[in-house]
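Undergrad: Sequence:
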Amino acid sequence: MPVIYPLIDFRYRPRLAKQELSKIAGKQKKKGGMVAGIIPRGDTFLKGVTSGRRYLFIHVEVQSSDEENFGWKMFRPFYWLMDTYGKEVTAIALFVGERVPAKPDRFEYRFGDTTLLYTYPVYLVKEEQEESLRKSDNIFAIAVLACKQLIATKPDKYDDRLKMRLDMIDLILEKSKDKNLPFEMVVSIADFVINVLILPKQLELKFEVLVQEKFKIKPSMRKQLPETLAIAEGRNKILFGTTVEELKELVSKERRLRAFEKRKAEAEKRKAEAEKRKAEVEKRKAEALQMRAILRLHNKMKLPAKDIATTLGLSEKYVLQVLEEAE
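According to our numbering, the sequence shown is numbered sequentially starting from 1.
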C-alpha cells in the first residue's frame with residue numbers, strides 16, 4: 001500500500017481490532033459458525049498531525065478462492081467502520097490461491113438510478129515471480145514467497161519442502177544482515193516461514209539438526225511456551241495480515257476445493273463415457289434391426305433394393321451394401 005505507507009507513524013504499534021471484528025460480524029451465522037473473512041486491522045496512527053494523534057483502520061482480507069460475493073465482504077467492514085467511527089479506512093485484498101473472482105478489486109451496486117462503486121487494491125500471490133520476490137527489499141516478499149511455495153508443493157513432496165525451508169532461512173539471514181533488520185522482525189518472519197512450510201515429525205527433527213549444525217545454535221521453535229507462541233502469532237497477524245493457522249486453513253480449503261473439482265470432473269467424464277458407450281450400443285442395435293428388415297424384405301418378399309430403400313427410408317446404396325455383405 002504505497003500511498004498509505006508514508007502517512008503511518010510506525011512509532012505506534014498497530015493493534016488488531018478484535019472488538020470491531022466481533023461487532024461487524026455480530027450474531028449473524030453461516031453453516032459452521034461466524035461469518036468468515038471479515039478481518040479489519042485497526043488503530044494505525046497517522047503521522048504529521050499536530051493536534052494529537054488520529055488513527056485509521058486498515059482492513060486486510062486474505063482470500064484463497066473465487067468467492068462470488070467477495071466485493072460485498074470487502075465493502076461491509078468499510079461502511080460499518082466509517083459509519084461507527086467516522087475515521088479513515090483503507091483496505092487491501094490478498095489472494096493466496098490460484099482462483100480469483102471476475103472483478104476482485106471492487107464492489108458494485110446498482111438499483112434504479114442509484115449506483116455505488118467501492119474499489120481497493122488487490123495483491124495476487126500467484127502473479128508474483130520468485131526471482132523478483134527474492135530480490136525485493138520488502139520483508140513481506142519473504143512471506144509471499146513462503147505462501148507460493150506452500151501452494152506449489154504437493155502434499156507428499158516433503159523433501160522438496162525441507163529444501164525450500166532451509167533455503168528461505170538462508171534468505172532471511174542474508175536480508176537481515178544486508179538491511180540490519182530488528183531481531184524481533186527476523187524472528188517473526190522465520191517463525192512464519194517455518195510454520196507455513198509444515199513438515200512431518202521426522203523431517204522436522206532433521207530440519208532442527210541441520211539448523212543447529214549450520215548456524216551453531218539450538219533451535220527453539222518446538223520448545224516455545226504457549227505465551228511465546230501467542231505473541232509470535234500476534235506479530236504474524238500485524239506483519240502479514242494473517243496467522244499461520246489461518247493461512248493453513250486457507251490452503252487446506254483451496255486443496256479440498258481442487259480435490260472436489262477433480263472428483264467432479266472425473267465423475268462427469270465417466271458419465272459422458274458411459275453415455276457414449278450406451279449410444280454406441282443403441283446404434284449397433286438399430287443397425288442390426290435395419291439389416292434384418294432389409295434381408296427379410298429381400299428374401300421373403302423378393303423386393304428389389306430400390307423398393308426396400310423406399311420402404312425403410314434408407315439409401316439404395318446402403319441397402320445394396322447390406323445385401324452384398326449378406327451373400
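Hints listed in this document are in silico derivations from the structure and should not be mistaken for laboratory results. Any given hint could turn out to be false.
[Unchecked claim] Computed Cβ-Cβ distance ranges for the label pairs, DEER-style:
1) P200 <-> A274: 38 to 44 Å
2) D159 <-> P182: 21 to 27 Å
3) E268 <-> V187: 24 to 30 Å
[Said to hold, decoys possible] Calculated lysine-lysine pairs in the DSSO-like style (CA-CA distance at most 27 Å, straight line):
4) K285 <-> K262
5) K264 <-> K285
6) K87 <-> K157
7) K278 <-> K126
8) K306 <-> K271
9) K201 <-> K253
10) K177 <-> K135
11) K285 <-> K306
All residues carry an ideal CB built from backbone N, CA and C; glycine is no exception.
Undergrad: Work down the list of hints and note, for each, if the structure agrees.
TA: Here is what the structure says about each hint:
Roughly 40 Å separates the CB atoms of P200 and A274, a value that falls within the hinted 38 to 44 Å. Separation of D159 from P182 is about 33 Å and departs from the stated range, judged on CB atoms against 21 to 27 Å. For E268 paired with V187, a C-beta distance near 49 Å fails the hint of 24 to 30 Å. The straight-line distance between the Cα atoms of K285 and K262 is roughly 35 Å, outside the 27 Å bound, and the hint therefore fails.
Taken as a hint, the K264 and K285 pair is broken in the structure, with Cα atoms around 31 Å apart against an allowance of 27 Å. Restraint check for K87 and K157: the C-alpha separation of about 47 Å exceeds 27 Å, so the hint is violated. For the given pair, K278 sits about 43 Å from K126 by alpha-carbon distance, which is inconsistent with the 27 Å threshold. Between K306 and K271 the CA atoms are separated by roughly 41 Å; this puts the pair beyond 27 Å, and the hint is violated.
Our distance criterion of 27 Å between C-alpha atoms is met by K201 and K253, whose separation comes to about 23 Å. Using a Cα cut-off of 27 Å, the hinted pair K177 and K135 holds, with the two alpha carbons roughly 14 Å apart. Among the hinted pairs, K285 with K306 is consistent with the structure: their alpha-carbon atoms are about 23 Å apart, no more than 27 Å.
In terms of the numbered hints stated before, the structure departs from hints 2, 3, 4, 5, 6, 7 and 8, listed from lowest to highest.
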